[in-house]
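**Student:** Residues per chain, in single letters:
2 protein chains.
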Amino acid sequence: MELSVETLMISTGGSRIALLSEESANLLGVHSSDRIKITCNTQEMIAIANIADYFPSNRIGLYRETVSALGVKEGETVKVLLASLPESLFNIRAKLHGERLREQDLVAIVKDVVERHLSTVEIAAFLTALSIHGLSTGETEALSRAMISTGKTIDFGPGPILDKHSVGGIPGDKTSMLVVPIVAAAGFTIPKTSSRAITSPAGTSDRVETLCPVNLSIGEIKEVVAKTNGCLVWGGSLELAPADDLFIQVEYPLGIDPMLLPSILSKKKAVGATHVVIDIPTGMGAKIKTRTEAYTLASDFVDLGKRLGLKIQCALTFGEQPLGCGIGPALEAREALTTLMGGGPPDLREKAVSLAGMLFEMTGVEDGRALAQDMIDSGKAMAKMREIIAAQGGNPAVKPEDLPVGPESAELHSEHAGKVLWLSTDDIVRIAREAGCPKEKGAGVILHAKLGDTVHKDGVLLEVYAERASKLESALALAKQLSPIVLSKKPEEKMILDRVPEQASHEKTFMLDR
Amino acid sequence: MELSVETLMISTGGSRIALLSEESANLLGVHSSDRIKITCNTQEMIAIANIADYFPSNRIGLYRETVSALGVKEGETVKVLLASLPESLFNIRAKLHGERLREQDLVAIVKDVVERHLSTVEIAAFLTALSIHGLSTGETEALSRAMISTGKTIDFGPGPILDKHSVGGIPGDKTSMLVVPIVAAAGFTIPKTSSRAITSPAGTSDRVETLCPVNLSIGEIKEVVAKTNGCLVWGGSLELAPADDLFIQVEYPLGIDPMLLPSILSKKKAVGATHVVIDIPTGMGAKIKTRTEAYTLASDFVDLGKRLGLKIQCALTFGEQPLGCGIGPALEAREALTTLMGGGPPDLREKAVSLAGMLFEMTGVEDGRALAQDMIDSGKAMAKMREIIAAQGGNPAVKPEDLPVGPESAELHSEHAGKVLWLSTDDIVRIAREAGCPKEKGAGVILHAKLGDTVHKDGVLLEVYAERASKLESALALAKQLSPIVLSKKPEEKMILDRVPEQASHEKTFMLDR
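Chains Z and P are the protein sequences, given in the same order.
Last residue of the first sequence: 514 in the working numbering, with the numbers rising by one and none dropped.
Last residue of the second sequence: 514 in the working numbering, with the numbers rising by one and none dropped.
Everything labelled a hint here was simulated from the structure, so no lab data went into it.
None of these values were measured; they are calculated from a predicted model.
In this text, a Cβ means the ideal position worked out from N, Cα and C, and glycines have one as well.
Any given hint might turn out to be false.
[Claimed, not checked] What follows is a set of in silico ranges between Cβ atoms, one per label pair, in the way DEER data are often shown:
1. P:Q481 with Z:K152: 39 to 45 Å
2. Z:S57 with P:A226: 35 to 41 Å
3. P:Y295 with Z:G134: 29 to 35 Å
4. P:N41 with Z:E2: 42 to 48 Å
5. Z:E293 with P:E74: 49 to 55 Å
[Stated by the list, open to error] In silico negatives: residues of chain Z with every beta carbon more than 12 Å from chain P:
6. T39
7. E74
8. K79
9. E115
10. T274
11. V365
12. A370
13. G393
14. G394
15. E401
16. S483
Just chain Z, same shape as in the assembly:
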């Protein structure tokens, strides 16, 4: 059938979609989601058909991506035929029925995801099936390899190349901002890419961005690392394992994360990492709730690492409460700088020194922890951080107090005296986001009471920071309603954690950030 092109100058986020009228679709025998082959002169392409009411029957609507891939102009005539469904879709169907997929099947799926030959409906079904059926180790390896080979890679020369990643899940975790300068100061290469917040108050990229640009090109990153041994950049636009970014878009509304392992390790492998520490925060307040779950995940990471040629150690870390006191991009960057300068909260210092120490010991250093501690005590880590900030285009002389926070702020006071029995990280995340995180970088929460701390009646539990008075007000109201910090004189006086359903129903949260 010949149809005349109507260019729709809208982007579909990559998918190659063509609009047909119901009449043309009927004549072609095409249903919505069927594939059609569009031919224009010698150019051919396969697109996914969408059937639109009110669309002229002699036209075919092509979105921006399809127009440029095919190189057609408004009004040009193209030939349209029903095409067969892609082989990868049959692989997805097999997975829906619980079949094990072979390496070539997964390669076909990932390739078609990256080349936009699969619709979001089909990707959603695939990820749902993976989430329910789980993945075998072989499938996880094949997926990781497919995700690496369909993206770009960066070569930082001969190793060891060190890296660190958290599976995510506790707010205030700014450890990477310490581990990178500590490791780089000791002379090791650590090219750290990180993500922005999706469902959390701040991702590492959001924090670092208060100090210097993070949106660097691959060439710029190589220069920064050549100069300083390290970097702290946003990985989102580098097309390292780009399939993952497309998977995340679909996972986000569904609240599932079946690709955690291949997602993290494909990105490490793409930057040529040789030694990686994976942080698994474990506890009621974290993504991973129990030790059993954490040990299983850790062993899966180590196993997958072996298969991909990566040396991996996992750290199960205390995940019952936020790390440090500051939560929110600028508040966390302040705290990271203070800690690099020798101050800061003890849990953050301890965690950063421990993880950096593990990395050192993996490369043969005898007492890694001591070396890491020395990098802080000697001021070398802070000097290295300033080098990295300068190399990425920030102000190397920055002081913690230079970073703008607030300007609106208010305190939440305790109605009675007691010891902190538990903190709800979910609630603290909600309060910080209500205050404006992650988009408003000066917004957030400072905790004044953490597990085991003693609080007096009318004592400060937390401070809320916001860039606007209205946000401050709603975040403070939410904090009062949620009471995220629970006090008691002794544990045995406060045995009820929650009441169902009398208590205000809690939003079911899901942390996609990793």
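Once you have looked at the hints, place chain P on chain Z.
**Tutor:** The following block gives chain P in isolation, referenced to the frame of chain Z:
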């Protein structure tokens, strides 16, 4: 945030989608798939946000559905806010984790599907999870009720209201075209709605449409039934259980059918049926392959029927080969008429009389089969069919040979002599569709040899009909390649069914039609 409306005069198939630039989305804290609240004067609505590159940051793109729901004009200013995710999405997430859903959870999902508050990604994940985890009887009932209550219903007055439905799966099954006039001729009410072919060569609506219009309004249907006791109409545009039509759109590319039971029975209940016979073709060539599977499905139907207040009997019918000889809309309509006139293939006559007989006996008739047979022998069923054709706007004097088939046709000959050992229904479906079915109504296949028949060397196995020579040629070539009819002198001479992978790989087929 205030944005100015850009009206995109494209339809999205119902979903309320709004396009935002990345910049606006960032400022609002909106990710793709998040919900936004759009306010225009006093009108408010929730839409699903899509984030587009190259989209002006001061604009919001609204598709046709959203424009008309909100009543806005190009260039008008609207207020946009991040809205919370719909409750039904949390129910879907719970199902992804294998949780049982309560009636109110399923009602929320179905309501939001019909009101287009859920994206196709979210619906795909829901259907995938249902397909993998299965549904409890309670869930099936709740889904059916929700699907009924979100659609229209038709009241045909006091019962009994009879109905018949096939779960689908064998080609050439034109039984409904006989059961309806037989039942109506005996004085019972049988308002039969049916579907068009999706993956099969012909649906009942495609067949009947060669005789008379099938796209009637609810008012017209009531008139036809008042006049004739029966009808044979297309159910697709009546908005009876409209959720199902939206589910089918998503199920189609995925090749899954978790909603078979609620889909069929919600539509029966919506037309007020009181007594229903469900045909379950069972065999290698059918959708349901084994007796175990068929009995389980039958008992689920009976059970669900009880819960919905429907009397149900299921017929497990022979599903090893196509029914009758004609396959394709017009070829099947011809055969149905011939059979109503007392001729036709014996398997079709036998099946129609048996199923109609079951319906009669369910209402208290002692020998239902005899009554059904009498309706054919006396000519009453054929007279009733002519009444229905006339009432729906067709020519009541139509003769089988009046229906145009072909005009191109060719025979497939047997290379040797033997008895028909088995037929591949999948292959016959592919050949009929290659010939032009279901869109080209004169296209199709006539089988000249069925199970157990003796064929001489060079004898005719089947005839292919097509409306165009090119289609005939490719269908005939496919028939030669596939050899859908397998001959042998004795079964023990032909033990190999297929060779893997030396044989031409077979397309994995899936029958969504029900």
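**Student:** Does each hint hold? Answer for all of them.
**Tutor:** Evaluation of the provided hints:
no. : hint                           : in the structure
1   : P:Q481 with Z:K152: 39 to 45 Å : holds (43 Å)
2   : Z:S57 with P:A226: 35 to 41 Å  : holds (36 Å)
3   : P:Y295 with Z:G134: 29 to 35 Å : holds (31 Å)
4   : P:N41 with Z:E2: 42 to 48 Å    : holds (45 Å)
5   : Z:E293 with P:E74: 49 to 55 Å  : holds (53 Å)
6   : T39                            : holds (17 Å)
7   : E74                            : holds (15 Å)
8   : K79                            : holds (15 Å)
9   : E115                           : holds (17 Å)
10  : T274                           : holds (34 Å)
11  : V365                           : holds (41 Å)
12  : A370                           : holds (43 Å)
13  : G393                           : holds (20 Å)
14  : G394                           : holds (21 Å)
15  : E401                           : holds (27 Å)
16  : S483                           : holds (21 Å)
Violated hints: none; the structure is consistent with every hint.
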